[in-house]
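Next come the chains, spelled out residue by residue.
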Amino acid sequence: MFGREGGDAPFIAVDGLTKRYASRQRALTVFEGLRFAIGEGEFLTIVGPSGCGKSTLLKMVAGLVRPTEGTVVFRGRAVNAPPPEMIYVFQQYEKSVFPWLTVRENVAFGLQRRQEPGSAAKAQRVEQLIRRVELHGYEDYYPNQLSGGMQQRVALARALACHPSVLLMDEPFSAVDALTRANLQQLVLELWQELKLTVVFVTHDVDEAVFLSTRVVALAGAPARVDLDVPIGLAHPRDQVTSREQGEFITRRRELFVSITRQQAREAEAEAAR
Amino acid sequence: MKGRWTGFAFILCLLALWEATTASGLVDTPSVPRVSAIFEAWYRVTANGEMLRELWPSFYRIGIGYVLAVVVAVPLGLLMGASRFMYGLLEPLTELLRPIPSSAYIPIAILFLGIGDAMKEFVVFFSCLFPILVNAYSGVIGIDPVLVDTGRTFGLARRDILKSIIFPATVPSILTGMRISLAIALIVVVVAEMVAGSSGIGYFILDNQRTFHVPEMFAGIFTLGVVGYCANAVFLLIETRVLHWRPRAAL
Chain Y
1 MFGREGGDAP FIAVDGLTKR YASRQRALTV FEGLRFAIGE GEFLTIVGPS GCGKSTLLKM
61 VAGLVRPTEG TVVFRGRAVN APPPEMIYVF QQYEKSVFPW LTVRENVAFG LQRRQEPGSA
121 AKAQRVEQLI RRVELHGYED YYPNQLSGGM QQRVALARAL ACHPSVLLMD EPFSAVDALT
181 RANLQQLVLE LWQELKLTVV FVTHDVDEAV FLSTRVVALA GAPARVDLDV PIGLAHPRDQ
241 VTSREQGEFI TRRRELFVSI TRQQAREAEA EAAR
Chain R
1 MKGRWTGFAF ILCLLALWEA TTASGLVDTP SVPRVSAIFE AWYRVTANGE MLRELWPSFY
61 RIGIGYVLAV VVAVPLGLLM GASRFMYGLL EPLTELLRPI PSSAYIPIAI LFLGIGDAMK
121 EFVVFFSCLF PILVNAYSGV IGIDPVLVDT GRTFGLARRD ILKSIIFPAT VPSILTGMRI
181 SLAIALIVVV VAEMVAGSSG IGYFILDNQR TFHVPEMFAG IFTLGVVGYC ANAVFLLIET
241 RVLHWRPRAA L
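Chains as they are written, first to last, in the working numbering: chain Y, 1 to 274; chain R, 1 to 251.
Treat each hint with caution, since some may be false.
When the alpha-carbon atoms are kept at most 20 Å apart in a straight line, the in silico EDC-like pairs for lysine to aspartate or glutamate are as follows [stated by the list, open to error]:
hint, chain 1, residue 1, chain 2, residue 2
1, Y, 196, Y, 140
2, Y, 95, Y, 15
3, Y, 95, R, 144
4, Y, 95, Y, 140
5, R, 163, R, 144
6, R, 163, Y, 171
7, Y, 122, Y, 94
8, Y, 196, Y, 177
9, Y, 95, R, 50
It should be emphasised that the hints constitute simulated quantities derived from the structure, not laboratory data.
Please construct the entire structure, taking both the sequences and the accompanying hints into account.
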């Protein structure tokens, strides 16, 4: 157990997490005994093939899904409900951003419920964030009038409005075009540095994982286990062109790619042998 | 709007055809008066205030029954959608009562409430209840879990999720139920007024039929068509106002 190691408890500890679906016909174990720590200020990405349960794992960290076994410990406390300092950003922004609220109302959504500052301060914070994600001029638009990338910016600003210390991002850019994705990646990296956030990011895109992260955890196998846990030694600020040309990028990309495809290759072989 | 005008022109053509066949003697029966006679009667009963006098009680009954149905069905439907227990408790009963034609309640309603306004309001209420109820709870059940999880990650309590996420997300579905119920209310009030009582547009139509005032009878039926059309149009206008955030398909 991480928590018992004394004063040096990790910021977030994933301790023996298991997800099992039990149906009458058969039990399916998606992942089993996952164990790793996330340090404060890290940009940690979890990669893995689709179906390995990475989104479920992230929802467990967020307190949105109960683990079949194991616990998540955040700042020394077991997570049983969504902690107020963690905000989850969903892959399906078109569903997560409230279609009946304007951009401004969406961004203010989480803030309204928090008691802290006065309404003037809140309104100012909302304007500031809208400007920061470059949506000024669109304050009174409804989500259906915006592009996918813009909707995800709304979701991002809405999450940041609550002053979270941890941002949990579930394949947030998988549904936007390549150029928009590059812009959003840059934006998230900037915000991570500016606001000193801890980010836990989930993706199946190895390039994205290496480009964004300070550390990448690869899940592989069935049931999935931590197959690889590597630091990414690329300098900050990162650049879409030069960072991707460095030896470190290429080495890490190869390692991770082999890790998450090894299992698939084995399965394909087994299939061929039959 | 262009399609609308050709539609109205077509109606005029049909009326002209009706007028021609009856005027030429091709159709010759007192049951089918000339359109001009119907419009004449329509003008007369409207000008002397008789039509309005009969419409008013019908509107009043629809209003009471309909508003009561909305007030009961919306919260109950939300509750049924949000609570497994309430759903399990009430869904079978709903599905059992729903297929019974509303006109079949009238005899029971007469037994308990007599033949006055209360009976008609009750029948309108009861028949309007189900479309709203069913649309409300299926709306809640159909909500994407991502919306609810978004509320949870922002730390909303169950009540707040119900109020600021589930309710607004269900409004389109509730409005659909309310529009269906509005049409049903008109049908049911007319039937109830024909079965019992001595006022209302339903009574007016039946009474004129019994006394062989056939053009007046048709005038009453035409009025129902216009009233139903206007009610639906007004409702659609409100719906697009309330749901202004919804993407509209470009036609």
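Now for the hints, and whether the structure bears them out:
1. Y:196 - Y:140: Violated, at about 30 Å.
2. Y:95 - Y:15: Measuring from Cα to Cα gives roughly 31 Å; hence the hint is violated.
3. Y:95 - R:144: holds, 7 Å
4. Y:95 - Y:140: OK: residue 95 of chain Y and residue 140 of chain Y at ~19 Å, within 20 Å.
5. R:163 - R:144: With a Cα-Cα distance of about 16 Å, the restraint between residue 163 of chain R and residue 144 of chain R holds, given a limit of 20 Å.
6. R:163 - Y:171: violated, 29 Å
7. Y:122 - Y:94: Violated, at about 25 Å.
8. Y:196 - Y:177: Violated. Residue 196 of chain Y to residue 177 of chain Y sits at ~28 Å, over the 20 Å cutoff.
9. Y:95 - R:50: Status violated; Cα separation ~53 Å.
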